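Asks: Each chain, letter by letter, is given below.
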Amino acid sequence: MKDIWVFVEQDSGVFEESSLEVLTKAREIADARGYRVTGVLLGRDVRRIAGSLGWYGAHRVIAVEHPILESYLSEPYTNIIGGLIEERDPDYFLASATRNGRDLAGRLAVRFRTGLQAHVINLDIAEDGSLIGHVPGFGGNIVAVVRNVKGRPQMATVALGVFRPKKLWGEAEVEVVEAKIDPLEPKVRRVEVVRKGYVDLSKSKRVVVGGMGTGGDLTLVRELARIIKADVGVSRPLSDIGVAPKDIYIGSTGVSLNADLAVIVGVSGAPHFVSGIRNVKTVISINKDPEAPIVEYSDYFAVGDLFEILPRLIEKLRGEAG
Amino acid sequence: MSLRNIIVTLKVTPKPEEIRFDPVTKTIDRSKATNEINPADKNALEMALQLRDRYGGRVIVVSMGPPFWEPFLKLAVAMGADDAVLISDRALAGSDTLPTSLTLARAIQKIGDYDIILAGEESSDGGTGQVPPGIAEWLGIPHVTYVTSIDIIETGKARVKRTIKGGYEILEVDMPFLASIELGCNTPRFPDFRRKRWAEREFKLKVWSTADLGLNPEEVGFKGSATTVDTLVELKPPERLKRIITGAPEEVAEELARIIRELLR
Numbered sequence: 011m012k013d014i015w016v017f018v019e020q021d022s023g024v025f026e027e028s029s030l031e032v033l034t035k036a037r038e039i040a041d042a043r044g045y046r047v048t049g050v051l052l053g054r055d056v057r058r059i060a061g062s063l064g065w066y067g068a069h070r071v072i073a074v075e076h077p078i079l080e081s082y083l084s085e086p087y088t089n090i091i092g093g094l095i096e097e098r099d100p101d102y103f104l105a106s107a108t109r110n111g112r113d114l115a116g117r118l119a120v121r122f123r124t125g126l127q128a129h130v131i132n133l134d135i136a137e138d139g140s141l142i143g144h145v146p147g148f149g150g151n152i153v154a155v156v157r158n159v160k161g162r163p164q165m166a167t168v169a170l171g172v173f174r175p176k177k178l179w180g181e182a183e184v185e186v187v188e189a190k191i192d193p194l195e196p197k198v199r200r201v202e203v204v205r206k207g208y209v210d211l212s213k214s215k216r217v218v219v220g221g222m223g224t225g226g227d228l229t230l231v232r233e234l235a236r237i238i239k240a241d242v243g244v245s246r247p248l249s250d251i252g253v254a255p256k257d258i259y260i261g262s263t264g265v266s267l268n269a270d271l272a273v274i275v276g277v278s279g280a281p282h283f284v285s286g287i288r289n290v291k292t293v294i295s296i297n298k299d300p301e302a303p304i305v306e307y308s309d310y311f312a313v314g315d316l317f318e319i320l321p322r323l324i325e326k327l328r329g330e331a332g
Numbered sequence: 185m186s187l188r189n190i191i192v193t194l195k196v197t198p199k200p201e202e203i204r205f206d207p208v209t210k211t212i213d214r215s216k217a218t219n220e221i222n223p224a225d226k227n228a229l230e231m232a233l234q235l236r237d238r239y240g241g242r243v244i245v246v247s248m249g250p251p252f253w254e255p256f257l258k259l260a261v262a263m264g265a266d267d268a269v270l271i272s273d274r275a276l277a278g279s280d281t282l283p284t285s286l287t288l289a290r291a292i293q294k295i296g297d298y299d300i301i302l303a304g305e306e307s308s309d310g311g312t313g314q315v316p317p318g319i320a321e322w323l324g325i326p327h328v329t330y331v332t333s334i335d336i337i338e339t340g341k342a343r344v345k346r347t348i349k350g351g352y353e354i355l356e357v358d359m360p361f362l363a364s365i366e367l368g369c370n371t372p373r374f375p376d377f378r379r380k381r382w383a384e385r386e387f388k389l390k391v392w393s394t395a396d397l398g399l400n401p402e403e404v405g406f407k408g409s410a411t412t413v414d415t416l417v418e419l420k421p422p423e424r425l426k427r428i429i430t431g432a433p434e435e436v437a438e439e440l441a442r443i444i445r446e447l448l449r
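Chains as they are written, first to last, in this note's numbering: chain H, 11 to 332; chain Y, 185 to 449.
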């Protein structure tokens with residue numbers, strides 16, 4: 011039976027949500043083809059949570075435990091997973107396209123001289139067994155239909171927030187494997203971790219998004235968000251200039267929204283941005299340029315200066331959020 | 185303590201918003217798009233120049249692409265790079281990330297004597313981010329991705345800051361190592377005018393072929409790739425109402441408030 015491996019990322023015992031999205035998608039493909047889904051889970055103390063991955067689609071889980079594996083670290087993760095692939099020879103290997111997922115997959119693909127598709131937004135396995143993915147490129151409005159033609163396992167990283175995790179199945183069978191850590195001094199060592207909090211915008215119901223039109227001042231964006239109980243997102247340039255964290259920019263290489271409502275202010279609508287708002291139910295945008303491309307991607311497009319419109323809008327909505 | 189070579193991989197990309205897609209021939213028209221040094225690679229180059237200014241060494245840029253990329257490599261030299269290598273060979277056309285990382289790794293080995301390899305976190309066209317860890321694997325050296333700063337703490341050891349979900353981590357890594365550099369983590373310098381003139385008129389960059397790198401044609405290009413593109417499709421925008429609201433700010437705000445109230449209900 012063909013085996014689809016899914017790298018399940020965790021940090022201090024908490025699953026990375028997008029890994030569960032990949033598990034569910036893998037299970038749907040596996041069910042259609044009669045394949046098996048194996049979750050690969052590395053961490054400090056993960057055997058007690060490993061079985062629960064079955065609910066999201068894993069038939070079985072290989073759990074590897076060691077204190078050094080508590081959070082992702084490229085060297086031991088690559089070596090342990092590489093060793094398991096070497097030994098068990100899976101047909102497919104999928105990971106979520108998080109920073110860590112790309113870091114791991116990019117290195118493993120070369121180790122096994124195999125094909126790796128990047129941040130696919132759709133995924134399937136053809137009759138002949140080749141992995142077919144839809145890879146967005148050139149800013150996200152052009153999609154390449156890509157096929158793996160060489161190497162085992164066939165690999166892909168999967169874009170975040172594109173598939174929904176479903177809790178449909180049952181506990182998975184768990185195999186605990188002893189970690190083989192190279193006894194030599196590791197070449198990369200973690201010194202310190204600093205976390206400032208994180209909002210997963212792909213799960214937000216309402217989002218207010220600020221772009222370069224704000225001039226980098228998100229005060230009004232934040233105030234509107236507070237009033238309508240929404241989260242705050244940005245377009246990539248604002249993250250790139252350091253106004254907002256990298257975790258909250260919307261677009262093909264950032265977050266894909268699945269919100270009911272997105273209010274988008276001062277964003278012109280470059281291709282890589284609008285690919286991140288495809289799945290939003292209602293898009294309202296405000297832009298002073300009546301020709302801004304964002305109009306094509308909006309349900310309601312207000313023309314005007316956001317610094318004049320937003321304060322008035324905020325006043326009118328104050329105290330009315332549901 | 186002085187660093188040995190600091191090698192920067194660099195690519196030239198068309199501005200994504202200027203690329204057109206022809207739905208009939210299913211091809212991408214880059215001819216009207218402005219080309220530029222891939223923005224994240226420029227940050228990698230700036231990081232390399234800062235490291236050289238602090239710790240010594242030579243900054244060498246290496247790129248795999250067509251001959252028309254030469255002026256962009258000269259621009260990198262004008263910014264301060266000490267040398268530049270262009271790997272240019274028709275056999276490389278169609279390379280996916282596997283042969284691309286192999287080719288760059290071979291060139292880095294040929295340059296040799298390196299302590300640090302820097303690459304942009306990803307390109308603005310392909311955007312896979314796979315090539316940097318791939319190069320490190322071919323070279324058999326450690327890598328760290330999404331790096332925003334590098335300090336050398338003692339001979340052969342660096343301390344790097346890596347962006348993680350919701351924050352950052354500090355890692356210590358042994359040299360030689362590869363780091364992929366986060367877009368926008370520094371402000372790339374402008375080229376010095378006199379150096380720019382020198383780079384354009386007198387500087388001779390090295391041009392290497394696959395044969396110079398000991399690569400056989402089966403290993404690179406379409407033949408050496410492990411993925412293939414079946415077809416290209418343009419994503420149609422989802423159906424939207426596209427209702428345009430104009431008027432004085434007060435009227436626009438009133439109408440938006442009405443719509444939002446309705447949606448929040």
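Please keep in mind that the hints were generated in silico from the structure rather than gathered at the bench. Take the hints with a grain of salt, since some may be wrong.
[To be verified] Taking lysine-lysine pairs in the DSS-like style, the calculated list, with each CA pair at most 30 Å apart, reads:
#1 Y:420 x H:190
#2 H:213 x Y:216
#3 H:177 x Y:216
#4 Y:349 x H:239
#5 H:215 x H:190
#6 H:239 x Y:216
#7 Y:345 x H:176
#8 Y:294 x H:213
#9 H:197 x Y:345
#10 Y:294 x H:160
#11 Y:294 x H:298
Please read all numbers here as calculations on a predicted model, not as lab measurements.
Asks: Could you run down the list of hints and mark each one as holding or not?
Replies: We went through each hint and held it up to the structure:
The hinted pair formed by residue 420 of chain Y and residue 190 of chain H fails the criterion: a straight-line CA distance of about 48 Å is larger than 30 Å. Taken as a hint, the residue 213 of chain H and residue 216 of chain Y pair is broken in the structure, with Cα atoms around 38 Å apart against an allowance of 30 Å. Using a Cα cut-off of 30 Å, the hinted pair residue 177 of chain H and residue 216 of chain Y is violated, with the two alpha carbons roughly 48 Å apart. Proposed proximity of residue 349 of chain Y and residue 239 of chain H is supported: the alpha carbons are some 23 Å apart, at most 30 Å.
Straight-line distance between C-alpha atoms of residue 215 of chain H and residue 190 of chain H comes to about 43 Å, which puts the hinted pair past the 30 Å bound. As the CA atoms of residue 239 of chain H and residue 216 of chain Y are separated by approximately 43 Å, the hinted pair breaks the 30 Å bound. For the given pair, residue 345 of chain Y sits about 35 Å from residue 176 of chain H by alpha-carbon distance, which is inconsistent with the 30 Å threshold. For the proposed pair residue 294 of chain Y and residue 213 of chain H, the alpha carbon gap of about 48 Å is over 30 Å, so the pair is violated.
About 15 Å separates the Cα atoms of residue 197 of chain H and residue 345 of chain Y, which keeps this hinted pair within 30 Å; it holds. This hinted pair checks out: residue 294 of chain Y and residue 160 of chain H have alpha carbons roughly 27 Å apart, not beyond 30 Å. Proposed proximity of residue 294 of chain Y and residue 298 of chain H is contradicted: the alpha carbons are some 53 Å apart, above 30 Å.
In summary, the structure is inconsistent with hints 1, 2, 3, 5, 6, 7, 8 and 11 from the numbered list given earlier, while agreeing with the others.
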